[in-house]
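Q: Next come the chains, spelled out residue by residue.
Number of protein chains: 2
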Amino acid sequence: MILCDVGNTSVDLFYAGKRTKLSVDDFDPATLYDTVYFVSVNSAFNERVQNYTNWHNLRELIDWDKYYPTMGIDRIMVCEAVEEGVIVDAGSAITVDVMRGGVYQGGFISLGLRAAQSAYANLSGALDVSFNFEVDLAKMAKNTPDALTVGFLAPLIEKIESLGKPLYLTGGDGLLLSRYLSGAVVDEDLIFRGMEKLLQKGSKC
Amino acid sequence: MILCDVGNTSVDLFYAGKRTKLSVDDFDPATLYDTVYFVSVNSAFNERVQNYTNWHNLRELIDWDKYYPTMGIDRIMVCEAVEEGVIVDAGSAITVDVMRGGVYQGGFISLGLRAAQSAYANLSGALDVSFNFEVDLAKMAKNTPDALTVGFLAPLIEKIESLGKPLYLTGGDGLLLSRYLSGAVVDEDLIFRGMEKLLQKGSKC
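Chains as they are written, first to last, in the numbering used here: chain B, 252 to 456; chain G, 252 to 456.
So here's chain B without its partners, still in its complex pose (with noise of 0.2 angstroms):
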């Protein structure tokens, strides 16, 4: 059985607990004899792998009475992943959600590192500056790439420590946040256990 997360760019694969990244356009589902379990934010790759029999949409199992019909499949799955807690996915967005008791609460969406910093720097040449992650995010700035870090970081961090715990990061920047949340898991594999736990759950497929 292999684990399939398709983004408009890549293609994330993962199977007996080793991950593979592919570009999209590279890739040709026919190399796959397994059965494939899979989740895609890409209608042209839907299309693609109409066709075969092995690739299945892990789409049809969720339970959408429980989220909301524009919320992101990957984003889905991380919360599928976690019965109790906080989940951060910090990608190009960076998505927060809440779980409790296996029902979901609600969340919000900040933008991602790599956004903000290029929002900043479209505002002026002056706001071009990178972020400075040894910052402390507790004291006021005293400097542009502070200004902009604190400025961005220290909202975000001190709203995220306010929704309680447990608290799991996942995402390309999940362990860059860590260092500003004592006692987060970082599991860059949740929207994996996600999948995993909605097929051991579901029965459609």
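Mixed in with the good hints, there may be bad ones.
Heads up, the list lumps identical chains together, so a pair's fine if it works in one copy or across two of them.
Unchecked claim - Straight-line distance between alpha carbons at most 30 angstroms, and here's what the computed DSS-like set of lysine-lysine pairs gives:
| # | residue 1 | residue 2 |
| --- | --- | --- |
| 1 | Lys390 | Lys410 |
| 2 | Lys390 | Lys416 |
| 3 | Lys390 | Lys448 |
| 4 | Lys317 | Lys390 |
| 5 | Lys393 | Lys410 |
| 6 | Lys393 | Lys416 |
| 7 | Lys410 | Lys448 |
| 8 | Lys393 | Lys448 |
If you are wondering where the hints come from, they were derived from the structure by calculation, not from laboratory data.
Model the placement of chain G on the given structure of chain B, informed by the hints.
A: Same frame as chain B, now just chain G:
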């Protein structure tokens, strides 16, 4: 006496308690005979007024030891207006600064509302939605517009509230932010009050 705030695209005049905003390209400094005290982020404009003896750059009156060298001149002016409190200037960026007993404590810079919405829209078509300013920021969201609004505003508003009182709001979105910040003083002319105070203190011009 005329006070003048020069940006990259506009010239904002303050005279006898009234404001007049003009395009920087259309504006001719020779049309003003009165004494003009100005701040400017526009170096081309600064050269244009260099030979007018009635134009005085307030930059020369600033005690730079209180602030930091790359700090925006507009931001310093709104700080100069306030002896004690938190100053939020919500324009293309949202600057948040703290003054205690006339001493600058530092601050931070968030994206402005428009910049944040554009940055979300740039991430994905699904996030190209308007903020919902009617949302309850205390609740986790269950639809996309609310998730973006809570994601951007709730952390920022809670951070600002944590900085104490009194709280002053200025800039184009100051009034809008005031609905989330109880007890805040909205003063759209705060920059000119800072310029007036600096002039009263100053001696160089």
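Q: Now look at each hint and say whether the structure bears it out.
A: So, going through the hints one by one against the coordinates:
Taking CA atoms no more than 30 angstroms apart as the test, Lys390 paired with Lys410 passes in both settings, with 16 angstroms inside one copy and 12 angstroms between copies. Within a single copy, Lys390 and Lys416 get their C-alpha atoms as close as 24 angstroms, and across copies as close as 17 angstroms, so both meet the 30 angstroms cut-off. Proximity of Lys390 to Lys448 under the C-alpha cut-off of 30 angstroms is restricted to the inter-copy arrangement: shortest distance 27 angstroms between copies versus 41 angstroms within a copy. Taking identical chains as interchangeable, the C-alpha atoms of Lys317 and Lys390 lie at most 30 angstroms apart only when they sit on different chains, with a minimum of 17 angstroms there against 39 angstroms within one chain.
Within a single copy, Lys393 and Lys410 get their C-alpha atoms as close as 23 angstroms, and across copies as close as 17 angstroms, so both meet the 30 angstroms cut-off. For the homomeric pair Lys393 and Lys416, the shortest alpha-carbon distance between copies (20 angstroms) is at most 30 angstroms, but the shortest distance inside one copy (32 angstroms) is not. Taking the closest pair of Cα atoms, Lys410 and Lys448 come within 30 angstroms of each other only inside a single copy of the chain (28 angstroms); across copies the shortest separation is 36 angstroms, beyond that limit. Taking identical chains as interchangeable, the C-alpha atoms of Lys393 and Lys448 lie at most 30 angstroms apart only when they sit on different chains, with a minimum of 23 angstroms there against 47 angstroms within one chain.
The structure is consistent with each of the numbered hints, conforming to all of them.
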